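**Q** Sequence:
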Amino acid sequence: MGEFFVYSFFLGALLFLFPICVNADVYLDTHENRGWFSVSLYHRLRLFGGYAELRGEGFVFHLTKKKAVVLPYAELAAARKKFEVTKGFQLCRFHQILEIGGAQDARSIFLAAALSAAGGTAYALLHEQNAGLSFRSRAIFHNEPCLKGCVRIAAVMNGLVISIAFMKKTLEEILKWMKKRKSTVSLKRLRKNLRASSM
Numbered sequence: 001m002g003e004f005f006v007y008s009f010f011l012g013a014l015l016f017l018f019p020i021c022v023n024a025d026v027y028l029d030t031h032e033n034r035g036w037f038s039v040s041l042y043h044r045l046r047l048f049g050g051y052a053e054l055r056g057e058g059f060v061f062h063l064t065k066k067k068a069v070v071l072p073y074a075e076l077a078a079a080r081k082k083f084e085v086t087k088g089f090q091l092c093r094f095h096q097i098l099e100i101g102g103a104q105d106a107r108s109i110f111l112a113a114a115l116s117a118a119g120g121t122a123y124a125l126l127h128e129q130n131a132g133l134s135f136r137s138r139a140i141f142h143n144e145p146c147l148k149g150c151v152r153i154a155a156v157m158n159g160l161v162i163s164i165a166f167m168k169k170t171l172e173e174i175l176k177w178m179k180k181r182k183s184t185v186s187l188k189r190l191r192k193n194l195r196a197s198s199m
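This note's numbering puts the first residue of the sequence shown at 1, with every later residue one more than the last.
Keep in mind that the hints were calculated from the coordinates and are not lab data.
One or more hints might be untrue.
Unchecked claim - Cross-link-like lysine-lysine pairs, in silico, DSS-like; alpha carbons within 27 Å at most:
id, residue 1, residue 2
1, K169, K182
2, K168, K182
3, K168, K180
4, K169, K179
5, K67, K148
6, K169, K180
7, K148, K65
Keep in mind that this is a model prediction, so the values were computed, not measured.
All chains should be modelled from the sequences, with the hints used to inform the complete structure.
**A** Have a look at this one:
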């Protein structure tokens, strides 16, 4: 019993204090209208992956051969407003490679230059917050028309802060549910009293 408690305490301390490294790899191909993605821990333990495509109703994420999840565009906009970057989340690597077709076309060269300038601006802004950030942005030209992109992201998270944020969100949802239930019960009582008074 004592050994189990010691091991549990040790593992819990590691979970809360040791940084959790989350890796995400994304590959986009505009010709096929698809994007492939993979999310893993420490680049070893794969959490999930699959491919996504654009449809009329929204983004469709194919996680397995039989399972697909639809994310409507309206929900994506709402999720963006609710998204909060906590102090427990820190970006440590952002590498991107763009493959652009039409090496002789002025528009392709202009696009590559604009993306390079945007990458430099993004690096300057992100480097102020995190001096240890590894940032790379490259462009490859092809003779045939194409537009592809590969992004590799690594982020470090603090287990304790994530656990606190998760507990806070859970408590907020419980309080919302309790308020909703209370208002439903009071509405039922009001209707019951009105019926009794009309009789």
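**Q** If you test the structure against every hint from before, which numbers come out violated?
**A** none
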